[in-house]
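Each protein sequence line maps, in turn, to chains A and B.
Counting the first sequence from 1 gives a position; this note's numbering is that position plus 192.
Counting the second sequence from 1 gives a position; this note's numbering is that position plus 76.
Note that these hints are calculated values from the structure, not bench results.
Please note that a few of the clues may not be correct.
Which residues of chain B face chain A? A partial, calculated answer using Cβ under 7 angstroms [to be verified]:
| no. | residue |
| --- | --- |
| 1 | Ser-82 |
| 2 | Thr-279 |
| 3 | Ser-286 |
| 4 | Pro-290 |
| 5 | Arg-442 |
Even glycine gets a Cβ: it sits at the ideal position worked out from N, Cα and C.
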Amino acid sequence: MNAVVVHNLSKNYGKKNEIKAVKEISFEVSTGELFGVIGPDGAGKSTLFRMLTTLLLPDNGSASVDGSDIVKDFKAIRNKVGYMPGRFSLYQDLSVEENLNFFATIFNTTVKKNYDLIKDIYVQIEPFKKRKAGKLSGGMKQKLALSCALIHRPVVLFLDEPTTGVDAVSRKEFWEMLMKLKSQGITILVSTPYMDEAGLCDRIGLMQNGKLLSVGTPKEITASFSQTLLEVKSENMYALLQQLIAYDSIMEAYSFGEYHHAVMKENFSIEKLQQYLEEKGNKNVVIKNTVPTIEDCFMQLMKK
Amino acid sequence: MNQFFSFVKKEFFHIWRDKRTMFILLGMPVIQIIIFGFALTNEVKNAEIAVLDQSHDAASSLLVNEIKASRYFTIAALLHNPDEIKTTLQENKAKIILVIPSSYGNDLKHLNAAQVQLIADASDPNTATTLINYASAIIQDYQQRINTNIQIPFAIHTQVRMLYNPQQKGAYSFVPGVMAMVLMLVCSMMTAITIVREKETGTMEVMLVSPVRPMKIIIAKAVPYLLLSFINIASILLLSVYVLGVPINGSLVLLLAESILFTITCLSFGLLISSITDSQQTAMFISLTGMFLPTAMLSGFMFPIENMPLALRMLSNVVPSRWFYEIVRSVMIKGSGFEDVWMQTMILLGMTLLLIILAVKKFKIRLE
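Put together the whole structure using the sequences plus the hints.
Next up, the structure:
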């Protein structure tokens with residue numbers, strides 16, 4: 193059974209509905225899956241999540257969460273999902289413990305009852321349980337927010353950009369926690385602007401300008417990358433990029449960490465490229481074949 | 077129920093932990109009562125009076141003693157020639173001057189009539205009028221007493237009795253006013269702000285995606301402020317009875333019940349504001365202009381409604397505090413019972429119901 197089914201969902205903002213935040217999105221998430229919505233800021237991820245958590249009404253299309261319609265059965269959905277909004281939304285003047293207890297009672301449960309579910313996360317912040325939530329560090333705030341969103345053992349968990357603004361170590365820990373939750377059978381939908389987190393999801397949807405560009409497992413998505421991808425490096429990286437973009441058999445070139453990535457047209461030769469770059473005065477030119485990442489796929493899909 | 081208590085507890089934490097706001101909420105009525113009671117008063121006590129007694133005889137000194145004996149005046153200077161009048165006023169040595177002409181004693185004895193002159197510094201017209209009234213009253217009083225032995229035909233003596241507030245204390249009118257203002261501020265503004273704050277910080281978003289019924293959120297928000305208002309009502313009443321000497325002539329139970337009704341009116345107004353605004357600033361602005369100003373200006377507490385132009389008089393009818401002010405004044409000062417204020421109570425009740433219905437209807441169960 194599918195935990196989340198989205199069909200042609202659209203949402204417009206503005207007085208004349210001129211801002212189209214989400215455009216006819218359709219996808220499905222199976223029960224127990226960790227599904228990532230990947231996209232840059234302003235792609236419409238939060239709008240999508242808010243529609244699925246019944247906070248916004250769609251203008252078109254339909255969706256259901258755990259079998260309940262997001263418009264008709266919104267009360268049922270509010271009983272069984274967990275939602276963690278993009279920005280920290282707990283009571284800053286209440287302590288860690290008070291926040292957790294409060295959220296437990298509003299979901300008609302107790303911390304004790306579902307302690308095993310949040311235990312792994314909560315033990316990390318437990319030493320600070322008397323501290324006011326507003327005084328926690330970014331990573332700890334996220335852990336507390338996750339604990340609060342989990343305290344009622346939700347069927348589906350919606351996490352809107354949980355790792356934005358969190359340091360690298362906390363991000364890694366956060367994803368490890370999500371893996372554990374997944375193993376407990378909770379369906380998780382997570383949105384993130386970080387492409388490197390995509391590989392940690394079971395399946396992902398790439399989102400841009402309100403549209404879902406592609407949906408699939410990270411492997412399926414990278415496998416769909418049809419062209420050859422090269423990584424190129426030399427001493428003058430800036431000039432190199434200009435020269436790569438100008439080169440005939442290159443469809444596209446962009447900087448990618450230490451290297452530039454070049455998407456090649458058919459009938460290219462590495463030797464000719466090497467020769468061309470050296471003629472242009474590049475020293476220590478390195479050209480290698482590389483495996484496309486999600487980010488490469490995203491760049492390609494964006495241009496289409 | 078557990079859910080509800082947990083909510084109320086949380087609300088109390090918010091109030092308790094924001095010490096500055098709490099201090100303002102609980103201290104404000106005390107400070108307002110003290111300011112209105114002692115500083116902003118139009119009663120005049122111990123005003124400086126100067127006397128130019130040109131008559132210098134037994135009759136004139138009797139009159140001067142009469143003035144001296146009154147607690148409204150202290151004699152600041154005894155003048156000796158008319159030129160001093162101008163300088164005394166200009167140097168602010170006295171606010172009013174009693175001039176007794178040289179013929180005073182003689183005229184009184186032989187003509188049965190004499191004139192005295194009161195010269196007041198009308199650069200402050202309110203004080204001048206008050207002082208003139210006080211001084212005239214003292215002189216009248218004195219005149220009547222010396223008249224008792226002499227028969228004068230066809231004299232009409234007006235006997236004035238200022239009922240309910242014989243000393244015409246200002247406190248009698250501002251205690252009900254301050255009550256209306258404080259309740260308005262605590263209930264309308266604070267509830268509006270705390271709900272809008274949850275919208276601003278995003279906690280409302282989380283709260284909406286939970287099984288809690290919106291009505292529960294709203295009522296839980298209102299309960300702590302209802303309690304706080306009750307403390308404020310009590311402190312205002314205690315201060316006015318024991319410090320300002322304003323009696324509670326009517327039934328205390330009725331007074332408290334009416335106050336609770338008005339508190340609920342204010343709470344529902346606050347809820348309505350919170351439903352239609354998204355930022356704390358807007359909420360504050362609307363509660364100030366929508367509630368606080370009309371309470372101060374149009375409830376009859378500062379300016380008599382009877383003197384207003386028709387448009388403003390009509391407008392004052394929709395200001396809830398106007399009716400509350402009338403109720404408190406009647407019950408507290410005049411000692412009226414429910415039978416005298418039932419109409420105002422019904423109006424207030426109607427307004428409250430309307431506001432509650434609007435607030436609940438406008439409450440957004442989603443983000444838009």
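Which constraints among the numbered hints does this structure fail? Numbers only, ascending. 4
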